[in-house]
Each structure stands twice: as C-alpha cells, then as structure tokens.
Amino acid sequence: MKKPGWSAAAVHAFLIAYSLLTLVPFVWAILTSLKTTRELAEATQLLPVAFNLEAYRTILASDFKTWFFNSMFVALVVTLLGVVSNSLAGYALARLRFKGSGPVFGLMLLMVMVPTQVTMIPAFLVVANLGLADTHSSLILTSIVSIASIFMMRQFFVSFPAELEEAARLDGCGTFEVFVRIVLPLAAPALATQAIFVFMSVWNEFMKPLLYIASLDKYLLTQGLNAAAKQYEKSAAWNITMAGSIISVLPILALYIVLNKYFIRLSDRAGGSW
Amino acid sequence: MNASDNRDAGAAWAFLAPTMALMTLFMLAPVLVALVVSLLKMDVISGHVQWAGLKNLDYLLEDEKFWAALRNTVRYVLVVVPAQTVLALGLACLLNGKVRFRRGFVTLLFLPTLTSSAAMTMIFMWLFNNNGLVTQYLQVHWGVTVRFLSDPAWALPVIMLMNVFSTVPLFMVVFLAGLQDIPAALYEAIELDGAGPLRKHWEISVPQLMPILFYVVTMGLIGCFQVFDQAFIVSGGDGGPENSTLTFTLLIYHFAFKTYNTMGLACMLALVLMLIIVAATALVNRFFKADGVNR
Chain A
1 MKKPGWSAAA VHAFLIAYSL LTLVPFVWAI LTSLKTTREL AEATQLLPVA FNLEAYRTIL
61 ASDFKTWFFN SMFVALVVTL LGVVSNSLAG YALARLRFKG SGPVFGLMLL MVMVPTQVTM
121 IPAFLVVANL GLADTHSSLI LTSIVSIASI FMMRQFFVSF PAELEEAARL DGCGTFEVFV
181 RIVLPLAAPA LATQAIFVFM SVWNEFMKPL LYIASLDKYL LTQGLNAAAK QYEKSAAWNI
241 TMAGSIISVL PILALYIVLN KYFIRLSDRA GGSW
Chain B
275 MNASDNRDAG AAWAFLAPTM ALMTLFMLAP VLVALVVSLL KMDVISGHVQ WAGLKNLDYL
335 LEDEKFWAAL RNTVRYVLVV VPAQTVLALG LACLLNGKVR FRRGFVTLLF LPTLTSSAAM
395 TMIFMWLFNN NGLVTQYLQV HWGVTVRFLS DPAWALPVIM LMNVFSTVPL FMVVFLAGLQ
455 DIPAALYEAI ELDGAGPLRK HWEISVPQLM PILFYVVTMG LIGCFQVFDQ AFIVSGGDGG
515 PENSTLTFTL LIYHFAFKTY NTMGLACMLA LVLMLIIVAA TALVNRFFKA DGVNR
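Those protein sequence lines, which keep their order, are chains A and B. Under our numbering, the letters of the first sequence match residues 1 to 274, in that order. Under our numbering, the letters of the second sequence match residues 275 to 569, in that order.
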C-alpha cells in the first residue's frame with residue numbers, strides 16, 4: 001500500500017502537538033515549584049531565575065512527610081492483603097467446583113452496578129458503628145475487596161491450563177497447596193498487574209480519606225495536599241503547592257517507569273474483559 | 275446433579291471467606307443501611323432518629339440545590355462523555371496507523387491518567403488562577419480577562435476540561451488495544467474489494483470496536499455521574515461560585531456531613547443517583563445493541 005507522505009506528517013504533527021499539550025501543565029508545575037513566592041507575585045518570567053529548592057524544603061518540613069508515609073503504609077497494606085484475598089476469590093470462582101459459585105458471582109456482578117461513591121456514606125455509618133472512624137484500619141478494611149481485580153483474576157485463571165493442577169492433585173496435594181505451589185508462581189504477571197492497579201487506586205483516592213479521616217496526623221497524601229493548598233493559597237505560595245503535587249506523583253511515576261508493560265496490559269484487560 | 279459439582283466446597287468457601295466477610299460488611303450492609311436511612315430523619319452526631327418516609331424525596335425535589343446539582347451533573351456528563359470518547363478514539367486511530375515512536379507517544383500521553391485527581395486539580399487551578407499561565411496568556415495576547423475559577427460561567431467548564439484531559443489517555447489505550455486485536459484478515463479482505471483507508475475505517479474498525487466503545491461510554495458515564503474530587507477541590511468543598519460546581523456527590527457529602535439532620539437526604543440522594551446511573555447505562559446499552567446487530 002502506498003502511503004502519502006503528507007498525511008503521515010500531519011498525523012505526527014498532531015500527535016506531537018497533543019503530547020506537548022499533555023506536558024505543558026506538568027512542566028508549568030515543575031517550573032513553578034522551582035520559583036520563589038516573590039517571583040510568582042511578579043510573574044514576569046516563564047523560567048525560574050535560580051533553581052530554588054526552597055518550596056520542596058518547606059513542604060517536606062511540614063506534616064506533608066507524615067501524610068506521605070501514611071499513604072505509603074495504607075496503600076502497601078491494602079495491596080498486600082487485597083492481592084491475596086482477591087486472587088483467592090478469583091481462583092475459587094474460576095476453578096473450584098461448589099454449589100455457591102453461580103450465586104456468589106452473580107452477587108459480585110450486582111455489587112459492581114452499585115457505584116462505590118454511593119455506598120461510601122452508608123459504609124461510613126458501618127465504619128463508625130464498628131468504632132473505626134478516624135483510623136487507618138477503616139481505609140484498609142473498606143479497600144481490600146476489589147471486584148474488578150477479582151474479575152481480572154477469574155478471567156486469568158479460567159484461561160490457565162488445568163493439567164498441571166490435576167497432576168499435582170493426583171500426587172496428593174491439597175487445594176491450598178496446589179494454589180500456592182503451582183498456580184501462584186505462574187500467575188506472577190497477573191498478580192503484578194493487579195498490585196499496581198490496587199496500589200494506584202489507593203494512592204490516588206481522595207473522597208474516602210476525606211470522609212473517614214479527621215485527625216491531621218492521620219491524613220492521607222491527597223487530602224493533605226488539598227488541606228495544605230488551602231493554607232498556602234492565602235499567601236499565594238503556589239510554588240509550595242506545586243512542589244507537593246509533584247512529590248505526590250513521584251511514587252506512581254517511578255512504578256510506571258519500571259513496570260511500564262504491566263500498566264499497558266492493565267488497560268488491555270479492562271477493554272478485553274467486555 | 276452430580277456429587278463432584280460440590281467437590282471443592284470446603285476449600286472454595288475458605289478461599290472466599292475474607293472477600294465475602296468484607297463485602298458483606300462494607301458493600302452489602304451499606305446498601306441495606308442506605309435503603310433504611312433514606313427513609314429516616316437522622317443526625318449522625320446526636321444519634322437522633324425519626325421516621326420520615328418518602329417525605330425525604332419531597333424535601334429533595336423542593337430543594338433548589340438538588341436541581342442545581344442535577345443541572346450541573348447532567349451538563350457535565352453531556353459534555354465530558356462525548357468529548358473524551360471522541361478524542362480518545364481519534365488518538366487511538368492515529369496511533370494505530372504507521373506511526374514512529376508509537377510506544378513513546380503512548381507512554382508520554384498516559385501521564386495525566388497516573389496523576390491523582392488531587393494533584394491534577396492543583397495544577398489546573400494554578401493554570402487557570404488569576405496569576406496562572408492560561409489567564410495571563412489570554413490577558414497579554416488577547417486582551418481578555420477571565421476569572422476562570424470565580425466566574426460561575428467558567429468554573430464548571432474548567433473542571434470538564436480537567437476531567438477530559440485526565441481520562442482521555444486511559445480510554446485511548448483501551449481503544450488502541452481493541453484496534454490491535456482486530457484480525458488483519460478482515461482488512462485484507464476488504465482491500466481486495468478495492469477499499470481505501472476511509473472505507474476500511476468505517477466498515478471494519480468501527481463495527482469491530484463496538485463492544486469496546488460500549489465499555490468506554492459506560493465507564494465514562496458512571497465516572498462522570500460521580501464526579502466529586504475536582505469539584506470539591508476547586509470550590510473548596512462548597513460547590514461555589516453560586517452553586518455552579520455543585521454536583522450530585524458533592525451535595526450528598528453536604529447532606530451527610532455539613533448540615534444537621536440530613537443523613538436521610540444524603541442516602542435518598544445516593545439512591546436517586548444510583549437509579550439515574552442504572553437508567554443511563556441501560557439506555558446506552560440499548561442504543562449500542564440496536565446499532566451492533568449486524569456485527
């Protein structure tokens with residue numbers, strides 16, 4: 001097939017333009033974070049006069065550091081517990097023969113239809129009744145079950161060859177042993193994809209910590225960023241807010257750079273599951 | 275019915291136990307709580323409870339904030355869902371052609387999707403702030419002064435733009451995966467018929483993409499009806515200026531935590547929102563089914 005040169009050039013030009021448009025907000029944020037508050041007020045120059053790290057120093061000297069580690073702790077615990085329980089559930093629904101299989105799966109499908117934001121307020125009442133209001137446990141316990149992840153794991157295990165498992169069973173391995181020794185090692189890519197997905201969703205969650213957490217020292221990063229921004233907005237210290245925003249993106253960005261292929265696969269799955 | 279149908283019952287329930295326990299406590303129970311509380315006049319702090327019944331629905335419908343939230347949310351959905359779908363599909367089609375550095379483009383374009391809504395909103399607020407890049411550019415080069423974030427006519431559009439900006443890359447990658455799954459034989463067959471790129475696009479790509487388009491539109495609808503983070507941050511939580519950024523979920527938040535005795539209204543509104551989402555999804559489902567018949 002002959003390819004007309006000008007249309008390829010136009011396509012590339014458009015893609016480059018859109019990429020630049022994507023980058024502008026981030027570059028602007030980085031440049032801002034390197035300016036002083038005075039430079040911002042004068043607003044004469046696009047580039048910072050000197051690469052000033054004062055904004056980063058200020059934000060890291062505040063509660064921000066605590067919030068960062070809170071987020072890290074909650075996200076890691078949820079990822080660990082969630083990957084275990086979601087994978088167990090996905091495996092049971094894909095492979096194990098039991099009478100409740102259909103109804104349980106149906107119930108999960110039904111729960112997917114109920115938007116999370118809609119159950120969040122009543123879930124807060126449950127959390128409060130359990131005495132868990134304003135604790136990290138409330139965030140962890142309500143975030144472990146991810147029906148999307150259970151579906152993803154179920155689809156993965158369904159398309160997984162059963163011969164190995166049957167052979168291990170004949171050798172006298174119990175169901176749990178088969179799962180841990182045979183299935184899990186082979187499921188590593190799916191587990192990695194799920195772990196990234198879960199970690200990112202907890203790290204970026206805004207509404208849930210806003211509802212469940214009230215004490216300043218227990219804030220997660222997203223809600224803390226919002227609180228800090230409100231405070232710095234009064235003094236128009238956008239450099240500090242931008243420094244905070246950039247720091248908050250870094251862990252996900254690092255994951256993205258290291259585990260790029262799993263991110264793209266993640267979206268594959270999302271589309272492929274329909 | 276065969277005995278082996280229930281062979282693994284013990285193990286299966288053990289495997290499902292943590293999930294079922296947490297799901298019952300934090301998903302099923304809340305739905306039941308919502309159903310009951312939506313019929314009560316209830317205050318969380320004092321614990322005061324009184325039967326209200328369907329009067330809660332009447333209160334909602336009489337509240338002008340409800341109508342403002344409905345208006346804003348529907349406007350939001352009607353703009354953002356088509357815009358993000360079309361843009362994501364367009365970019366995916368371009369990237370599916372003969373493009374150099376495709377992986378580089380995808381990697382770069384994916385950035386906004388990785389960024390938390392909180393950080394993204396901060397960055398956009400600073401872009402559209404009175405001292406921000408966009409505002410200043412317009413002022414210097416076009417001589418217009420727009421106070422984006424404090425002008426009721428502009429606050430919601432900025433939030434719309436922000437959401438389109440951050441969700442387009444995700445859906446773009448979903449479309450791209452779908453496009454690459456289309457068997458090459460289909461294109462070769464129609465090429466033998468003498469079809470050009472446009473016919474190939476409309477007669478093969480578009481019908482083959484229908485299931486994915488349905489997925490993207492459905493997820494977009496559900497996400498947009500629940501828009502909260504951006505509206506909350508931009509307005510500082512109150513839905514201003516002049517209720518112009520008050521969305522359904524923001525109003526639910528107000529009823530639940532900001533005003534007294536209105537937990538019932540919050541739950542009722544949550545149920546109303548759920549019904550709207552289910553209805554909208556069903557409508558979209560019908561539309562796509564009707565269109566996808568000769569697939």
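No lab work stands behind these hints: they were computed from the structure. The reader is advised that the hints may include incorrect statements.
What the hints assert, rightly or not - Derived CB-CB ranges, DEER-like:
no., chain 1, residue 1, chain 2, residue 2, range
1, A, A10, B, D279, 38 to 44 angstroms
2, B, Y411, A, A13, 17 to 23 angstroms
3, B, I464, A, M113, 21 to 27 angstroms
4, B, W476, A, L184, 54 to 60 angstroms
5, B, E336, A, M113, 27 to 33 angstroms
To be verified - Straight-line Cα separation of at most 20 angstroms, EDC-like style, residue types lysine to aspartate or glutamate; simulated pairs:
no., chain 1, residue 1, chain 2, residue 2
6, A, K99, B, E477
7, A, K234, B, D279
8, B, K372, B, E462
9, A, K234, A, D63
10, B, K339, B, E462
11, A, K230, B, D279
12, A, K230, B, E338
13, B, K532, B, E516
14, B, K474, B, E462
15, A, K65, A, E54
16, A, K218, A, E165
17, A, K230, A, D217
18, A, K218, A, E39
19, A, K99, A, E233
20, A, K261, B, D282
21, B, K315, B, D279
22, A, K99, B, D279
23, A, K234, B, D337
24, A, K234, A, E54
25, B, K532, A, D134
We put the beta carbon where it would ideally sit given N, CA and C, even for glycine.
These are the hints, each one checked on the structure:
1. A10/A x D279/B: 38 to 44 angstroms: violated, 60 angstroms
2. Y411/B x A13/A: 17 to 23 angstroms: For Y411/B and A13/A the Cβ distance comes to about 22 angstroms; the hint holds.
3. I464/B x M113/A: 21 to 27 angstroms: violated, 38 angstroms
4. W476/B x L184/A: 54 to 60 angstroms: violated, 46 angstroms
5. E336/B x M113/A: 27 to 33 angstroms: Given range 27 to 33 angstroms: holds, Cβ gap about 29 angstroms.
6. K99/A x E477/B: violated, 45 angstroms
7. K234/A x D279/B: Not satisfied, since the Cα-Cα distance of roughly 66 angstroms exceeds 20 angstroms.
8. K372/B x E462/B: holds, 16 angstroms
9. K234/A x D63/A: holds, 18 angstroms
10. K339/B x E462/B: Between K339/B and E462/B the Cα gap is close to 56 angstroms, so the pair fails against 20 angstroms, i.e. violated.
11. K230/A x D279/B: Violated. K230/A to D279/B sits at ~59 angstroms, over the 20 angstroms cutoff.
12. K230/A x E338/B: Given pair K230/A, E338/B is violated - Cα atoms ~28 angstroms apart, limit 20 angstroms.
13. K532/B x E516/B: At roughly 17 angstroms apart (the allowed maximum being 20 angstroms), E516/B and K532/B satisfy the hint.
14. K474/B x E462/B: holds, 9 angstroms
15. K65/A x E54/A: holds, 15 angstroms
16. K218/A x E165/A: Judged against 20 angstroms, a Cα distance of about 45 angstroms means the pair is violated.
17. K230/A x D217/A: Satisfied, since the Cα-Cα distance of roughly 17 angstroms is no more than 20 angstroms.
18. K218/A x E39/A: The given pair, whose Cα atoms are some 34 angstroms apart, is violated under the 20 angstroms limit.
19. K99/A x E233/A: This hinted pair is violated, its Cα atoms lying about 58 angstroms apart.
20. K261/A x D282/B: Measuring from Cα to Cα gives roughly 35 angstroms; hence the hint is violated.
21. K315/B x D279/B: violated, 48 angstroms
22. K99/A x D279/B: holds, 7 angstroms
23. K234/A x D337/B: violated, 33 angstroms
24. K234/A x E54/A: This hinted pair holds, its Cα atoms lying about 18 angstroms apart.
25. K532/B x D134/A: Roughly 17 angstroms separates the two Cα atoms, so the pair holds.
Hint check: violations occur at hints 1, 3, 4, 6, 7, 10, 11, 12, 16, 18, 19, 20, 21, 23; the rest are consistent with the structure.
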